[in-house]
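Novice: Listed below, chain by chain, are the residues.
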Amino acid sequence: MLRWILGGREAQGTVEKSAALFIGEEQPKNCFTEMQVLKGHFDIVRFLVQIDDLRFASAGDDGLVLIWNVETGECLFALRGHTQQITAMTSYTFIRGGTAHTALITASSDRTLSLWDPDSGNRVQNISDLQSSVKCLLVLAHLDVWLSGGNELCVWNRDLELRCKMVHHSDAGISAMVELPKNFIAAAMDKEIVIFKLNLSGSDIAVMAMRHLADHQDTIRSLIHINDRLFASGSHIGELIIWDSVDWTIQAYEHILWEEPARDSQSEFKLNHQKQIERSIQHMSSDGEYIVAAVGSGLYVYNVLMKSVVAYRRTAHDSNILHTMLQRDSLMSCSEDGSVRMWELQDLPLPAEPASSGFFGMFGTFGRSSKQTGPPAKKIPEVPGLRSLELIGDLIGHSGAVQMFLSFKEKGLVTCSTDQLLIVWKDGELQSQLRSLAVFQKLEENQGL
Amino acid sequence: MIGSPDVVAFTKEDDFGDSFSDPFSLPEEFSVPLFAHAANANPWTKTSYAKFSKDFILISEFSEQVGPQPLLTIPNDPKVCGTFDLNYFSLRIMSVDYQASFVGHPPGSNYPRLNFVEDSKVVLGDSKEGAFAYVHHLTLYDLEARGFVRPFCMAYISADERKIMHQFQELSSEFSKASEFLKSGNRKAFANELEKKLKDLEYTRSVLHKEAELQKMNNGCYSTQAIEKANELANMEKSIYEHKDLLRQITSYPSRKKKDVHFVQRETEKLADTSVLDDTPNSNPSEIADKTVETENDIRKSSYTPQLIKGKSAKCFDKRLKTMEELCDASFFHQTLEQLNIIEKSFRGDLCFIYTSQIDRALVGKQKVTSFLFEAEREWENEVPLKNFSISSNNPTVPILNLTGEPLSLESYTSCIDIDHMKPGVESIEGPPESSLSDITQETSEAADTETKGSFSSDKSIEAFGGVSPSSLQANYFDGLERKSKVSIASPSESASSSVAVPQRMTDGNLVLMDAACCIGQEGFVFEEPLPELAQECCGDTVVNREPLSLLQGDPALQMDYILEESALAESPNMGLTFSELNTGVLSEEVAKINIEDVSDSTSFMSASTSSDRAVSPFTYGSALTLKQKKKAGHNALRFIRQYPFAQQAIFCLLSGRTLVILGVDEGTVRKLVNALLFFVPNLGKYGETVQPWLSSPFQLIDLQRWKLIGLQRAASPAGSSILHSLNRYSRYISILDCDSKTLRCPPYKGTLISRLADHRTQIKRGSTYFLHVQGMLTQLTARAFLYTFCHHIHLPMDINDQGSVTSRRTNFLLQLGYTVEESKIVQYLSELIKQHYMQGSSKGGNQSFCFNYTTSYLYKI
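Chains A and B supply the protein sequences, listed in that same order.
Using the UniProt record's numbering, you'd call the opening residue of the first sequence number 1 and step up by one each time.
Using the UniProt record's numbering, you'd call the opening residue of the second sequence number 1 and step up by one each time.
Misleading hints may appear alongside valid ones.
What the hints assert, rightly or not - From the structure, some residues in chain A lie toward chain B, with a derived Cβ separation under 10 Å:
1. Gly24
2. Glu26
3. Thr33
4. Gln36
5. Val37
6. Lys39
7. Gly73
8. His142
9. Gly393
10. Ile396
11. Ser399
12. Val424
13. Gln431
14. Gln433
15. Arg435
16. Phe440
To be verified - Over the 12 Å line for every Cβ pair with chain B, so calculated as not near, a few chain A residues:
17. Arg96
18. Arg111
19. Leu140
20. Leu143
21. Asp159
22. Ala172
23. Asp228
24. Asn320
25. Met325
26. Ser330
27. Leu345
Treat the hints as calculated values from the structure; they're not laboratory data.
Don't be surprised by glycine CBs; every beta carbon is placed ideally from N, CA and C.
Work the whole structure out from these sequences, hints included.
Specialist: Now the structure itself:
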């Protein structure tokens, strides 16, 4: 349909390739009918952090941290101070004097850590004598401390005072951390997960490595908290392991291999190598019951309670998926192809239908890969529980990879991208109603037109 | 036509109990007066015996040598006046010589004092000739004239008495502008002349001095020759002193600088307007070439060689009097002529037509909430307050010259003369005038003299009009005063000091009124403040400094408008660009000339020109889109809807806010199509900001937010392919009209609204007619959008958990209005624009959000 614009041969490969996934312009379930482009960054925007119901911060490779109002699209503050790209950012809410304050912590490649006050735009604290740059940050709200991970693990209090420090001699350093019950921390270091314990004796805090879990064959790309009992890790070669939070044992092991079904292997045989590379688990998110894993350019939904796969789509995007979000039966993903896609978990048609035979074929290969690991062989009987992941809408606006998105529920969705822009996507109908209310309020104030 | 007796004033909803108001009646200020003749009379029959075919402007002079004489007419075509006796009429109009041109040695002053006299505005008629005229008297300074003053007058002559009567306010304000140009130019020329004269005098003095020395050397100190020479020298000294004093007076004309800047800017913009749009003969190159020559003359002036002059001036009838053009600085003179041409043009035609257009303007002015959508923004509309218009139509305070032979009371006379002071004229009066009691008494007695002398007053053919008795005039007059005195500052000392100090900058000209106590008799003689020191010495006078009436009694919105207008003026892209864009090199020279003409003014002028931004003004490079341009676009639109069967879909896209991209190889074709679709774009903007007629680089997402109609170049280059890529990527937000393959890709439209708007079988032949047709329909649509926006019950939730029902109520409302789903989108889009405009005002600042729909597009072919 679009070829006439492009004029013949030039037709784009991407459009052709995702033809099966092309949803078209009619998207009745897509409520994002209004957008607002926010300009301010000068380089790739990588991080979005929610501060409160109204505000969020964005940061990226230009070292600039901007605080925005999601409703008006107004840039409230530009926090300047970092000279190099931001590597991690988190918000930190604490109670002081009976009121909740939110601070913003940023880490940069210039080996500094900064604590900002988003209400005034001031840099409250700055630590510049770090030995290595910080790659991840974790707030332990109940202990009122927070941790920074890199080549060293540091524990800080709310005023950015160093409470404890632990240096590792591994090259990789800590790439991700999750909080476990009883003051334990799980940290991903290359192929291992290290369990640390925070010992609190009075005001002193000590950190101690308790155990090294070396079950992954390759670098761990993502580490998430599922619920109080479970956490999950995903590796570069598609291994997904569900761990018990208390005794650190493997609860489930999946090795996701996006292999081609035998039938159409001829046409896409050459792509196979590439596919093998693209099965890295880049991102995972969970709602406590389901995990969604971004595996290459595909999506994989796993039920942790049932220990079974719920749905998957091998090519959900044209390129690697960078961020995902799971909300009840719908999920969202954003990718290097510049789009955000919205998915819905739908019950599959009955297995008797001819359409599902192909699916079984695919699933067969899937099962084979997991046979190597053994335990979850009981998946095949559960096939009737399998659901499909249907595309219900996509958001196109960015001209570069969409790095991340942040949902403000009904207030909208913020996306950030390589094209240096942020876009706030809003429900047009709702916004229109809000504007009407504002108009009537003004009418009342002005006593008429 | 709705007559004024039928009209009941608008009442507020809440006081409906007081009086019954007909909901269909127009507010009083919008009513057109009924035709005064009997019911069966044809209103278009010529009732007058006028010897001229159409209205014209006559400029005459009361020459001290030959008496009243006509100088020129506008339009300058002998056919216009026909057999009308201009000489006779000049005599008539100049016979009302009001100012008693007096310059002398007022008591307490040793040197001649220049009077900065206000113009007078009167209406007079000559039933024998069938001519009725608005007469605007003014004086220009001439060093060689008696008393340094030359009385002139400009008259708008029409066969229609009612036209003059009803349009008095408008005529008066327009002629005041013209007069102001002329007088400013004259002051400049006069100052130049004085400077030259001073050089002559000084040169002569030095020569005399040498001669005197020689005489002394030769004949001794007390020889007759020596004494004679000494006397001559003393006379020369006195003369120099007098001239210096005059020069000081003329150059210290108080608000001159500020005023001139304003006028130059305004006038240049007007020039732009007319020269761009109308092919008026006034801006033809030869004339401009003339001007340039004059500029050179001006430059040469600086190298003026002084001449020896005789101590005594020539006899009155020996010398040649300067022409009006010589009396006035060239550029100002041409500005004056421009202004007069504008006046002639704008008051051309039947009174009904003028009325209708004024009412139209006034109505649009009232619809600020929605008028931004489709109405052409009228440049100077805001400046003329609506009040002005309503006053003139209901209660015309027209000064009528009553020359019935009876001596008039002084009061009514002065009120006749200077009605201008009562007017809320923003532009009428400049600077804080200053007067000294002595002058006033002298002037008034002089005025009374002319009155009672009655040299021309017995002529019965000059009659009084309309049965307005002096007493009723007086009532009006006091009425006006009363309104004003609410705000006047009565303390004389305070006012004097404030007039010495900086006048309020926010107003264009500070209208200064004398206190009611003293101005009754002397209203007409308000003098410009000669010098700050002089002001100090006059501080005992009761001079009240006040703001123009319009700013005080007008509603705050109006006031805001005015201020906005001012600031807009400062920013508005300047003439210079427009001229050069028109690539008439001569014209740009003319602009350059304006720049050097008045160095004191040039700073602001220059800054205005540098701030102009060409990027925002795609069509005319800096000048605002005018109604005329839009009407011209009507022709293209008509062709478009006849040629393309999918025109309706394209128009639907524009009306529903979906960006329409017109893609093509040939720039001319693309621009033509953009032009054709121009007036369908809601909220087009004053300069057409929401349209990009020709783009040759890939557009960004943010451009879709900014531009609603884009002309895009299809190119084979790599840049072209990236353009196509962006088209492809954002295809869901745009509709694409391909001029080359004649296809349109856009969402479908079902409904009857646009088929009525753009019927390809339309019987309309003319572009301007079609434009008006479209305008009418769009106005109707706007009204619906307004209704939709401001209906409480469809937008406010019944209770807190009621969001869903709002949506359905909205949809139902639109369905009840008879709109299809697609048409509802149009109304919704317009409504969103109205809301945004209402919340944020006309400023386009802030980060706007961009709405769209997820709908399937189809490809339409021819």
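Novice: Evaluate each hint against the coordinates.
Specialist: Evaluation of the provided hints:
no., hint, verdict
1, Gly24, "holds (6 Å)"
2, Glu26, "holds (5 Å)"
3, Thr33, "holds (6 Å)"
4, Gln36, "holds (4 Å)"
5, Val37, "holds (5 Å)"
6, Lys39, "holds (7 Å)"
7, Gly73, "holds (4 Å)"
8, His142, "violated (35 Å)"
9, Gly393, "holds (7 Å)"
10, Ile396, "holds (7 Å)"
11, Ser399, "holds (7 Å)"
12, Val424, "holds (8 Å)"
13, Gln431, "holds (7 Å)"
14, Gln433, "holds (6 Å)"
15, Arg435, "holds (5 Å)"
16, Phe440, "holds (6 Å)"
17, Arg96, "holds (33 Å)"
18, Arg111, "holds (35 Å)"
19, Leu140, "holds (37 Å)"
20, Leu143, "holds (40 Å)"
21, Asp159, "holds (36 Å)"
22, Ala172, "holds (38 Å)"
23, Asp228, "holds (33 Å)"
24, Asn320, "holds (19 Å)"
25, Met325, "holds (20 Å)"
26, Ser330, "holds (16 Å)"
27, Leu345, "holds (21 Å)"
Hint 8 from the list above is the single one not met by this structure.
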